[in-house]
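Each chain, written out:
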Amino acid sequence: MTLLFELIAQGVQMLLVLALSPLLIGFVRKLKARLLRRKGPPIIQPWRDLIRLLRKEVVLAENASWLYRSAPYMIFAMTWVAASLVPTFATGLMFSWSADLIAIIALLGSARFFLALAGMDIGTSFGGIGSSREAMFGSLAEPATIMIVFTVSFVAGTTQLSEIAAYMVANLELRASVGMALVALLIVAVAENGRVPVDNPATHLELTMVHEAMALEYSGRYLALIELASALKLLLYISLIACVFFPVGLKSHDAGAEAMMTGLGAYVLKLAIGGGVLALFETSTAKMRVFRVPDFLGAGLMLGLLATLLVFVTRSL
Amino acid sequence: MPLYLALTCVSALLAVSVYAIVDRRNPNISRNVYRLCIALCGILFLAAVMPRGANLLSTTLPFGLPWIGMHFRIDVLSAFFLAVVDLGGVAASAYAIGYGAHEKEPMRILPFYPAFLAGMNAVVLADDAFTFLVAWELMSLASWALVLTHHHEAENRRAGFIYLLMASFGGFALLMAFGVLGGVGGDYAFASIRETTKEGWKSGLVLALALVGMGSKAGLAPLHIWLPLAHPAAPSHVSALMSGVMTKVAVYGFIRVVFDLLGPPAFWWSIEPMSFGAASALIGVLFATIQSDLKKLLAYSTIENIGIIFIALGLALAFKANGLALPAALAFTAALFHVFNHSLFKSLLFFGAGAVLSGSKERSIERLGGLIHSMPKTAFLFLGGCVAISALPPLNGFVSEWLVFQAILLSPSLPQWTVKLLVPAVGVALALSAALGAGCYIRAYGVAFLGRPRSDSARTATDPDRWSLGTMAVLLTLCFLAGLLPSLVIDTISPAARDFVGGRMPTQAELSWLSIAPVAESRSSYNGLLVFVFILFSAYTARWVIHKFGSARSRRAPAWDCGYIETSPATQYTGSSFAQPIRRTLGVMAFSVKERLDMPAPGEMRAARLTIDIKDRIFDYLYAPLTRAVETCASGLNILSLLTIQEYLALVFAALVFLLVLVAI
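These protein sequences, in sequence, are chains G and Y. In this text, residue positions in the first sequence follow this note's numbering: the first is 1, and each later residue adds one. In this text, residue positions in the second sequence follow this note's numbering: the first is 1, and each later residue adds one.
To be clear, the hints were calculated from the coordinates, so they are not data collected in a lab. None of these values were measured; they are calculated from a predicted model. Among these hints, one or two may not hold up.
[Unchecked claim] A short list of chain Y residues far from chain G (calculated; beta carbon distances all over 10 Å):
| # | residue |
| --- | --- |
| 1 | Leu7 |
| 2 | Leu165 |
| 3 | Leu421 |
| 4 | Arg443 |
| 5 | Val474 |
| 6 | Arg498 |
| 7 | Phe619 |
| 8 | Ala634 |
| 9 | Gly636 |
| 10 | Ile639 |
[As the list claims (entries may be wrong)] Residues on chain Y that point at chain G, a partial pick, calculated with CB under 7 Å:
| # | residue |
| --- | --- |
| 11 | Val49 |
| 12 | Arg52 |
| 13 | Ala438 |
| 14 | Ser455 |
| 15 | Ser525 |
| 16 | Tyr526 |
| 17 | Phe534 |
| 18 | Ile535 |
| 19 | Arg543 |
| 20 | Arg555 |
| 21 | Pro558 |
| 22 | Ala559 |
| 23 | Pro581 |
| 24 | Gly587 |
| 25 | Met589 |
Idealized CB from N, CA, C, for every residue including glycine.
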């Protein structure tokens, strides 16, 4: 019975992230539109777009290879698995131990790898520009993330996300190192999801785009999968920040169904706050030049390293 | 029994060398030699993995130095490395049956190839300093001869010369290291070296010498300069052996000397391997990112991976010195796991590069492109190798890097501040090199295999023969298995960790669901198999749902490219344009780049020209002054060759007096 319950909880989490991620995108878009005094499309609009795309015929470039056709499925599957391994409403779900935080980051790295390859498959210059820039951003964002992981797991003594969250719930206190790690993670999250100062998800201005450039040739169901994967990635980062730094309301897996419902409510609230902050931030900044991005990400990396060192220092004092 | 079997096979390999010379007129000689090598390496591999009744086996053979003989031994460490060497040997020989058939001058390879294999095996089996050095030099010289296979090209001759210089320098350092270890009048058998106690300065000296000697063979920065020249110069199966296997023999030598012969470590021993390892990882990957020669790129990436291995070994030393057995075992296991992994995927990638080379006659990725259409099978196998080496789950490269990260995460328990502060910095270097490595292989694969062909040779390239493809497929399968079932590999390495760092990781086979947990499941765990099954399940579910409820139709049309219809494949992103952002932002750490833009004035009709000059800082600041100093000394000493007989006699007498005085003191 408990086994069945746990299996259901894990399944619910997988479907939950899938269902919520386009809504999150829609929510951010709506909020941004409101902040700009526009009415904006309804929150459900991204789901409508996805369903429309899924029903359309795919137009493939003449020289597209099997890699180009299988990459969307792989990117989607990897991101989905990674997103459903991050605790959302409850910790310690059935398969949460199959990958720790480092493995989750690496899964996103795998998805990036295939997306960058898919961008180069047709042999257009836009695809190449996107892949090249993505490789540069990735090579700075990933080490920064690893440094954040170091900080958090030095504090909590584990890299298991559920355990980290449990530790953070049990030891609610302010730490400078964790604060720095939070700032670093925010920087990384903005860059990894291609949000405003780094990349603009709404633009198709050719010379500035990164993520859009890689997916430029995709259409129909393939495009839908890639869009869904990037929505999942945004949700993953917000859940990650919520679960590690603001674990309020996170329930343990054996807390029972009612507790899980409150956990779910807390999670949705946290997502809304995260989306709101993102929308506010995006409307108040301008996009930066591509070659300024390494400085931005470098700041994230250095903050992460400083946070790690700070943990060492404060620990032994 | 395994030891005698192994020694018989090693001598048989040497006999195959002789056979290759004797039977050189035979048209089938190439195939025969490689088949014999497969058989002998296969037996050696079995000898390595077969159960050894007692844990150690040793023997003394009555040749070599008079009254001393040659000592050989198999223990858990040499058995592990024997398995790595011979797995690589079998793979390279099987690949060479197909690949070697293209060779124009087979006699430049065949006699040296079995000797090279014999040398590597003998290094691993050696149990005294003399045997070790003889085998080491056999390995160096045989591989040097193999580097010079295509000696008609000036570049290869230069590579051979630099390799020979660095190899003799490294060999010299090792000679001195063993000299210090054995001491005056000492016995050079490893057993008696192990017994003697070493003073502090001595162990420091030996450590530095071992790092120089073994590091120069393994390609540790700044002694790596020969490696990217020599490894690509050899035929591809030999490149695979040199990069995938010979560097591992050097790692073995380092472990043997530092973890075994030198006795209990002090904490500061870890500083050198860790810092040089971190430097190698970064320098290697940055240079790999800007290479356009596929084989050179792979050679630079070997330097990166050796760096990762040395980082893990340094961590193991630090933990061992502080008596932290479990973290030491974790770091040591991570190092050996990476040794195994790298030997698999680097061989696979070099075989792939060889297939590209023989299929398209083109080495530079800038003139390739679209190989996924013309060489579909190679493209698939090479992609597998790229994913594995980029440390992406669920393949094997990720598992060993994950283990290294886990070892780094245990570093707060170290008491010394130097090491404690060094470890996070090393962690940054490791994370940077892992991420850059992925970028490097996106570039290599994307430019060479994807896109549109940039030349006719890329368009008309063909897949290689069955032997080559089969070997690559087997290696890729092994990469998959090691990634999905890492617990098997970790449990195999555990006895070596127990003997060499005094601790072992918990038995992984006892964990449920075949997952791995270095310390405890509550601390960290990873399950490659489950992750892989999850990914497959999600991908296929998505596909099923979409095809059932959405649409499964597709249509081919010209590429869109934002409306620009550009037919020339030259408009694609090239390798150098792909690397440009990384070169600009991170490149300054490793090399100095000078970009010169020659822009014609308005109205002028000539083409604009951008020249990029990339220089290795290490070469400029370390080797160039060294070369100049040697040249100055040599020309200064030239007068000595023009002395009269009286002056020569006086010189000899003075030298004699000096030495006598030295002995008297």
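Here's how the hints hold up against the structure:
Every beta carbon of chain G lies more than 10 Å from that of Y:Leu7, the smallest distance being close to 43 Å; the non-interface claim holds. For Y:Leu165, the shortest C-beta to C-beta distance to chain G comes to about 34 Å, beyond the 10 Å cut-off, and the non-interface label holds. A beta-carbon of chain G is positioned within 10 Å of the beta-carbon of Y:Leu421; the least distance is around 7 Å. Residue-level check failed: Y:Arg443 sits 7 Å from the nearest beta carbon of chain G, not beyond 10 Å.
With a cut of 10 Å on Cβ distances, Y:Val474 stays outside the contact zone with chain G, its closest approach being about 22 Å. For Y:Arg498, the shortest C-beta to C-beta distance to chain G comes to about 25 Å, beyond the 10 Å cut-off, and the non-interface label holds. A cut-off of 10 Å between C-beta atoms confirms that Y:Phe619 is not in contact with chain G; the least separation is 24 Å. Against the 10 Å criterion, Y:Ala634 stays outside the reach of chain G, whose nearest CB is about 44 Å from its own CB.
No Cβ of chain G comes within 10 Å of the Cβ of Y:Gly636; the nearest lies about 48 Å off, and the non-interface call holds. No beta-carbon of chain G comes within 10 Å of the beta-carbon of Y:Ile639; the shortest separation is about 55 Å. A cut of 7 Å between beta carbons decides the hint on Y:Val49: the least distance to chain G is about 30 Å, and the hint is violated. Hint on Y:Arg52 is violated. Least Cβ distance to chain G is approximately 36 Å, over the 7 Å limit.
Interface restraint check for Y:Ala438: the shortest CB-CB distance to chain G comes to about 6 Å, inside 7 Å, so the restraint holds. Below 7 Å, beta-carbon pairs count as interface contacts, and Y:Ser455 has none with chain G, the closest being about 13 Å; its hint is therefore violated. The beta carbon of Y:Ser525 comes within 5 Å of a beta carbon in chain G, closer than 7 Å, and the hint placing it at the interface holds. Interface restraint check: Y:Tyr526 against chain G, minimum CB-CB distance 5 Å, threshold 7 Å, status holds.
Hint on Y:Phe534 holds. Least Cβ distance to chain G is approximately 5 Å, under the 7 Å limit. Given the 7 Å rule on beta carbons, the hint for Y:Ile535 holds: about 5 Å separates it from the nearest Cβ of chain G. Annotation: Y:Arg543 was flagged as interfacial toward chain G, and the flag holds, the nearest CB pair being 6 Å apart, inside 7 Å. The beta carbon of Y:Arg555 comes within 6 Å of a beta carbon in chain G, closer than 7 Å, and the hint placing it at the interface holds.
The restraint placing Y:Pro558 at the interface with chain G holds, with a minimum CB-CB distance near 6 Å, inside the 7 Å limit. The beta carbon of Y:Ala559 is positioned within 7 Å of a beta carbon in chain G (closest approach about 4 Å), and the interface hint is therefore held. Satisfaction of the interface hint for Y:Pro581 is found here, the shortest Cβ-Cβ separation to chain G being roughly 4 Å, below the 7 Å cut-off. Interface hint status for Y:Gly587: violated, as the beta-carbon distance to the closest one in chain G is roughly 11 Å, over 7 Å.
Checking Y:Met589 against chain G: minimum C-beta separation of about 12 Å lies over 7 Å; hint violated.
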